[in-house]
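Student: Chain A is already provided as a structure; the job is to place chain B on it using the hints.
If you read the protein sequences in the order shown, they are chains A and B. For what it's worth, this note's numbering labels the leading residue of the first sequence as -12, then goes sequentially. For what it's worth, this note's numbering labels the leading residue of the second sequence as -12, then goes sequentially.
What the hints contain is simulated information worked out from the structure, not anything from laboratory work. All values reported here derive from a predicted model rather than from experimental measurement. Don't take each hint at face value.
So the derived label-pair ranges between C-beta atoms look like this [to be verified]:
hint	chain 1	residue 1	chain 2	residue 2	range
1	B	183	A	-6	47 to 57 Å
2	A	133	B	383	46 to 56 Å
3	A	384	B	211	27 to 37 Å
With a straight-line cut-off of 30 Å between C-alpha atoms, the simulated DSS-like cross-links for lysine-lysine are [as the list claims (entries may be wrong)]:
hint	chain 1	residue 1	chain 2	residue 2
4	B	375	B	178
5	A	150	B	375
6	A	375	A	150
7	B	178	A	150
8	A	375	B	150
9	B	375	B	150
10	B	150	A	178
11	A	178	A	375
The C-beta atom is built at its ideal place from N, Cα and C for all residues, glycine as well.
Number of protein chains: 2
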Amino acid sequence: MDSTHALDLRSWVESSDDPQTDFPIQNLPLGMFSRDGVRPRAGIAIGDAILDLTAAASANLLSNELADVVGDCTRAGALNPLLAAGRGPLRALRAEASALLSADSPAGRRASGRVDLLVPQRDARLHLPAHVGDYTDFYASINHATNVGSMFRPDNALLPNYKWVPIGYHGRASSIVPSGTPIIRPVGQSKEEGADAPVVRPSRRMDYELEMGVWIAGGNQLGERVRITEADELIGGLSLVNDWSARDVQAWEYQPLGPFLAKSFATSVSPWIVTLDALEPFRTNAFRREVSDPQPLEYLSSTDDAERGGFAITLEVLLTSQTMREQGVDPMLVSRGSFTEMYWTIAQLVTHHASNGCNLRAGDLLGSGTVSGPAPDSRGCLLERTWKGTEPLALPTGETRAFLADGDTVTLRGSCARDGYRRIGFGEVSGTITPARA
Amino acid sequence: MDSTHALDLRSWVESSDDPQTDFPIQNLPLGMFSRDGVRPRAGIAIGDAILDLTAAASANLLSNELADVVGDCTRAGALNPLLAAGRGPLRALRAEASALLSADSPAGRRASGRVDLLVPQRDARLHLPAHVGDYTDFYASINHATNVGSMFRPDNALLPNYKWVPIGYHGRASSIVPSGTPIIRPVGQSKEEGADAPVVRPSRRMDYELEMGVWIAGGNQLGERVRITEADELIGGLSLVNDWSARDVQAWEYQPLGPFLAKSFATSVSPWIVTLDALEPFRTNAFRREVSDPQPLEYLSSTDDAERGGFAITLEVLLTSQTMREQGVDPMLVSRGSFTEMYWTIAQLVTHHASNGCNLRAGDLLGSGTVSGPAPDSRGCLLERTWKGTEPLALPTGETRAFLADGDTVTLRGSCARDGYRRIGFGEVSGTITPARA
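Just chain A, with the same shape it has in the complex (with noise of 0.2 Å):
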C-alpha cells in the first residue's frame, strides 16, 4: 500500500475530513462533470467538491503528459483518453491528486485555499464518466443464479454450465444513462399464463439490478487474450450499475438467445469511477468454493486471484415511494449485500471475456451481474427479494411492493471500511420510475 491510502493522510478541503464522506483523500474517484452548460470536463470528486482537472492543469498544477490527457477528456466529453492510456497514467494521476489536495505536501501548500480548482458537487452536473462501446453483462452471483434458476427451472436451478463458465451477455450501450435520469416504464410483449397470446402493455413487473460495473483501461487487440495475470491491467476502476429489468417481459422473449428488450430500455451508472487503485487496501480473497465444486481451469486461475482477486464492498439498496417522499420519509433499506459473495472475480471476467480474442476497448463496461448474497435480505432485485412477488415489501407508509411503482425511486450505494483504512465509497445511483408513454 502506497502513501495515498495513509490513514492519517488528509486534505486541506474540509469537506474530505467528514467521516460520513465517501470521498475522503484516499479515494479521489475520476468523473465527468459540468457546471451552467459548459462542456464536460473530467474532475475528481474530494469532499463535498470536485477538483476541476482542467483548471488544475491550466495552473500548472499537473505534469505535461497529464494534462494533455485531461484536455483530451475535454475534447472527448468523456473519460476514455484517460483510460486508454491505461493503468500507469491512472496511477500517475492519483499520485498527482493525492499530493496536490494533500494539506501537508508542499504541492498542497501550494494549491491550499485556490477555490478556482475545486467545484462544489450540488453545483455540477454529473454525466457518464466514459462513452461505453461495449456494454457486457455477467452473472457472477451463485445466488443469484441459483435463485433466479429455482424460479424459472424448478427441476434445474443451477446450469451445468456455471462452476465451468463465467455467463455474461452482450447488453445495450446507447441506453446506458448516468445517475438521475427518470427510468420511463417500458412498453413490451408479455405473456400471461395459460394465455394463448401475449400482450402488449407496460410492464408489470419493473425490476431493478444492484451490479457493480467494471471498466476498462487499455484494451486489448483484436485475436490477443489477456492472462489472469495481467487482467488487473485492463480494469481501471468500478462504479455502481442498475441494470433496470421488465420481468415480465424477459420472461416471454429471453429463450433462446437471452434478454434483449427486458433490459436495453435503461441501465443507470454512477458518475464516479474508483480506481482499482483506490481499491487496493480493500482486496480479499475470491469466493471459498465448496470441495464438491470445480476449480476455475487454468486459464482462470492465479494463485494471486486466488488471494486477492475479491473486493470487500458492501451495497446497498434503497427505496423510496412517491408517498414516502411527499410524507417526507426516509428512504427504506432494502437491502445490503456484500460484493465478496461473487463466484467469479473482476479479473476472472476480464480474462474470460478477451478469452475468445474479443477486444476490449478503454470505456468498455462490464456489469458484473446481480450481486446477491445467501441470506433473503442480501439479495439484488426484487424478483428475489419478493421472491417473485409473492413476499412483497412492507413499505413504512404501509404500502407493499412487489415491484416496482411509477413514481419509485431505487439508490444504489456502495462503500469499503477496514481497520486502519479511511472508508471510502461510490456514491450513489438513483433513478425514478416514470410513467409508460401513451
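Tutor: Okay, now just chain B, sitting in the frame of chain A:
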C-alpha cells in the same frame, strides 16, 4: 420509382455498363475507402471504380449541404454523419451522384472523363462503412430457427414465442471487421457429450452465418418508440454480414443468457451500404404466414409493410479451401437463398427493437439472423447445411467439410434482379480462417 432507377440510365464510367457489375449507376452504394495510407474518405461504388465524394465536393460538384456532410465523414473516418443526417440527405446524395455520373445529364457531361473524381477499386482499401455503436443480431428466418431448434431441442424445436416476438440479442460491436480481415479461430470452453468437465481448446465447429445487415440512419431518442409506418425512415441501407460462430463453444455457454464468446471473436461486414432507395424496385411482400400462424401484433403490422416490407435479394455462400486455392479451383457454391424467406421484415425488426424505448443511433447495425430457406441448399450456415456435421460437404478437391478448416475462405454475395430494372449487387464479404493462436 424515380429516374435514378431507369433501365436506360447510363454512366460515363464505362465499367458500369458491364452486365456483371454489382455497381451500375442504378445502385450507387456508399462506403469508406482509403489509398496510400491517406485517411479514409467517403465514396460511391460505380462499376470497377469509386466516386471520391471529397474530390467531388472540392470540385464544387455537390451541393453545399452535402459537401459539408461529406467533410464530416472524412473527419469521422466513417459514414456516421451522413447516416445521422437521415433519409432525406441520403436521397439527395443519390440524386446528385446519379446526375454527376450520368452520361446524359448536364452535370454528368461536365464531370465526364474527370479521372480525378475516380479511384480504381483495385487501388483502394475498403473500411467499415460506419462506426457501429451497437450491434444487434436477430433470428428472423423461421427455417433457421426451426432447423437449429430441432438439433438442440428435438421435442421443442420452434419455441412458443417465435411467431410473436422478433427474437434478437445484443451482439459485440468492437469485433466487427471489414471484408478481407483474417478470422482467427477462437479458443474457448466446450464440453463433449458425456464428459465430466469442459475442455479449453481451439473451436472444432467453426461456422459462418449468412445474414443481411441493416444500417440505422437518423435514429430515435431514448424513450421514443418507432411506428412501423415510420421504420423505413430509420433504415439507411443494407450490407452483407457474416456472423462467424463457434458452435461447440455456443452449445456449452448459451444457457441461460444466450450466445456470447461463440460470436464475439469476429463479425465481418461487406464494405458497401446499398441504400434503401436503391433497393426500392426490389421490394416485395412480407413473408406469407400460414393460415394457422398468428397475425403480427398491431405495433408490428401495417398494410404497407405486408405488401412491400420484403426485399427480393438473392444470397450466395461460396467456399474455397486452401487446397482449392492452391490448385486454382474456383470457389464452390455452398448455398443460395433468398431474403424473402425471412419471417420478419426489416421494418418489423426496427420497430420491435425500439418498442421499449431503446434508442437506435445512426451507424448501429442490425443483423437479420441467418438467412435460410426451406430447401437444404438454401441453408445459410454449415450447422444446418451439414446437419450438425452429419452430412459433410464434398469439395471439388475430394476434401470434405463438416465445419470450417484453417485456410478456408468464406465469401458471401448478394444481388437483386427484376425484369425492367438493372441488376444491382452488394459486392461481397469475405474472410479466411487462420489457425488459433498458441
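Student: Each hint should be assessed against the structure and marked as holding or not.
Tutor: Structure-based check of all given hints:
1. 183(B) to -6(A): 47 to 57 Å: Holds - the Cβ-Cβ distance for residue 183(B) and residue -6(A), about 49 Å, lies within 47 to 57 Å.
2. 133(A) to 383(B): 46 to 56 Å: Given about 53 Å between the Cβ atoms, the range holds.
3. 384(A) to 211(B): 27 to 37 Å: holds, 33 Å
4. 375(B) to 178(B): Roughly 15 Å separates the two Cα atoms, so the pair holds.
5. 150(A) to 375(B): holds, 27 Å
6. 375(A) to 150(A): holds, 24 Å
7. 178(B) to 150(A): Satisfied, since the Cα-Cα distance of roughly 13 Å is no more than 30 Å.
8. 375(A) to 150(B): holds, 27 Å
9. 375(B) to 150(B): holds, 24 Å
10. 150(B) to 178(A): holds, 13 Å
11. 178(A) to 375(A): Holds, at about 16 Å.
Checked against the numbered hints given earlier, this structure breaks none of them.
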